[in-house]
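These protein sequence lines map, in sequence, to chains L and Z. Residues in the first sequence are numbered consecutively from 1, following UniProt numbering. Residues in the second sequence are numbered consecutively from 1, following UniProt numbering.
Please note that the accuracy of each hint is not assured.
[Said to hold, decoys possible] With a straight-line cut-off of 27 angstroms between C-alpha atoms, the simulated DSSO-like cross-links for lysine-lysine are:
hint, chain 1, residue 1, chain 2, residue 2
1, Z, 274, Z, 256
2, Z, 284, L, 255
3, L, 255, L, 280
4, Z, 274, L, 18
5, L, 284, L, 256
6, L, 256, Z, 255
7, Z, 284, Z, 256
8, Z, 274, Z, 255
9, Z, 18, L, 18
10, Z, 18, L, 25
[Unchecked claim] Computed, partial: chain L to chain Z, Cβ under 10 angstroms:
hint, residue
11, 21
12, 63
13, 66
14, 84
15, 86
16, 116
17, 123
18, 144
19, 145
20, 226
21, 234
FYI, nobody ran anything at the bench for these hints, they're computed from the structure. Here a beta-carbon is modelled for each residue, glycine too, at the ideal position from N, C-alpha and C.
Number of protein chains: 2
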Amino acid sequence: MLYIIGLGLADERDVSVKGLEIIRKASRVYLEAYTAVLLVNQQQLEAYYGRPVIIADREMVESHSDSILASADTHDIAFLVVGDPFSATTHTDLALRCRQHDPPIPTRTLPNASILTAVGATGLSLYTFGQTVSMVFFTESWRPASFYDRVGENAGLGLHTLVLLDIKVKEPDLEAMARGRVVYEAPRFMSVAQCAGQMLEVEAERGQGVCGRERLAVGVARLGSEDERIVAGTLEELAGADLGPPLHSLVLCGKKMHEMEWEYVREFAVDREKFDRVWKAEYKGQG
Amino acid sequence: MLYIIGLGLADERDVSVKGLEIIRKASRVYLEAYTAVLLVNQQQLEAYYGRPVIIADREMVESHSDSILASADTHDIAFLVVGDPFSATTHTDLALRCRQHDPPIPTRTLPNASILTAVGATGLSLYTFGQTVSMVFFTESWRPASFYDRVGENAGLGLHTLVLLDIKVKEPDLEAMARGRVVYEAPRFMSVAQCAGQMLEVEAERGQGVCGRERLAVGVARLGSEDERIVAGTLEELAGADLGPPLHSLVLCGKKMHEMEWEYVREFAVDREKFDRVWKAEYKGQG
């Protein structure tokens with residue numbers, strides 16, 4: 001059996017009791033470590049589980065999944081995913097491969113907390129979110145702006161948008177590769193400020209008012225941990241906010257933001273007076 | 001401290017390790033038991049926690065929260081929520097009351113799996129869901145159809161819609177009340193078939209093609225448990241499907257349904273040949 005187990009968001013004790021029991025008895029334990037990261041390291045996990053943990057990078061999962069699935073028809077294998085397994089397509093990939101395996105490998109998934117619902121900590125109603133978008137690190141030559149259309153679609157319905165921020169873990173260093181060496185860049189995690197900055201850049205180019213400077217947004221960092229941080233403000237304010245260490249995410253508020261959501265989220269405002277002024281002028285009563 | 005702790009979806013061992021430790025040490029333990037239910041009963045929870053569990057019905061939470069918050073400034077109180085605390089507005093209500101308490105009561109929330117992300121078990125991408133809607137039991141005189149407009153908005157963007165189904169727990173029996181007695185009706189949980197039937201009724205009245213008989217949908221039951229059940233088909237097929245005991249939810253598929261989502265979800269089809277035919281004619285390539 002392949003168990004795909006969500007670890008939750010913060011540390012080694014966010015796994016479910018059921019998940020922990022399975023991990024401690026599994027023949028092998030893998031940790032998917034390229035779409036998200038926990039706030040604890042591999043050694044802390046291994047000490048807590050009492051088991052060695054094999055780090056599964058993108059290459060292993062996407063190109064060498066046979067090593068992960070080896071003997072899964074007769075042994076229990078645990079594949080750990082930070083957050084919730086269903087919140088990344090990795091799960092569907094692996095589960096499809098298990099189905100197509102000869103003989104098919106039975107799978108079982110243990111859900112857990114996800115950033116998709118943990119953003120409820122902002123006070124914004126999860127029922128009023130539209131489609132989720134991703135923001136990648138822009139480069140000189142690569143500035144994908146498809147997020148802008150999708151955020152615009154959500155905004156057209158008054159819905160909030162959760163923006164998931166790029167992380168770069170174990171990315172090959174292309175310059176070194178060109179010289180024949182395999183070297184990986186240092187990990188990078190996009191911050192709320194970087195995301196807000198890129199949104200303002202694209203708004204300046206597209207000019208449809210989807211994510212202008214005075215749009216209200218909420219930045220979140222390290223949700224689910226004791227050290228979590230939530231900061232609300234205009235996109236311009238968030239472009240200058242420092243929420244500390246990763247992981248960060250950003251929510252662009254939709255105009256359907258209800259009085260009760262506002263009452264809750266304003267407590268996190270960089271500048272409460274300004275937040276209230278913008279909300280009353282642009283959002284209140286639009287729902 | 002008031003701890004608002006998500007229990008996850010299925011049984012007593014879906015709580016996080018961290019949550020369980022808090023519950024076992026808390027001065028009092030409440031269970032919110034009117035917006036969702038676990039698949040185990042109060043006695044099983046109490047035996048597992050080694051603690052008495054106080055059932056918090058809607059009246060207690062909404063009108064008598066003082067009893068829940070009593071001494072929370074000096075003692076640890078655990079308030080348990082099935083699924084994820086943020087996925088219901090109860091959390092925001094209670095947390096706001098704690099803020100406004102004199103002196104303010106510190107709160108901490110422990111997220112967990114939610115139906116909002118557990119529907120990823122269908123293979124549908126969580127990033128392609130629009131706003132979430134609720135479906136209530138229709139009566140002769142009360143047939144709220146506001147869901148139709150919101151499903152229509154999602155469908156207009158090609159997005160999936162998660163429909164959360166009504167549950168009636170400890171509802172007063174109005175006839176008995178009129179005779180001066182306080183009697184509660186037996187609990188009722190809406191099924192996928194009932195939901196699909198009501199959607200078809202409203203479609204027949206509104207006629208905009210939002211949720212007609214040939215729209216693809218996926219019904220889910222008891223997600224996260226070993227006994228979970230997923231059934232895909234047209235809305236007409238789902239109106240005749242029996243997914244067994246509660247809790248049920250339904251997803252109406254959006255036209256952006258990707259080839260990979262289709263490949264996964266068709267395994268659950270009532271009639272795979274028909275499912276494929278409708279997908280190819282109406283959905284494929286619309287994303």
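Broken hints, numbered, in rising order?
-> 2, 4, 12, 13, 18, 19 and 21
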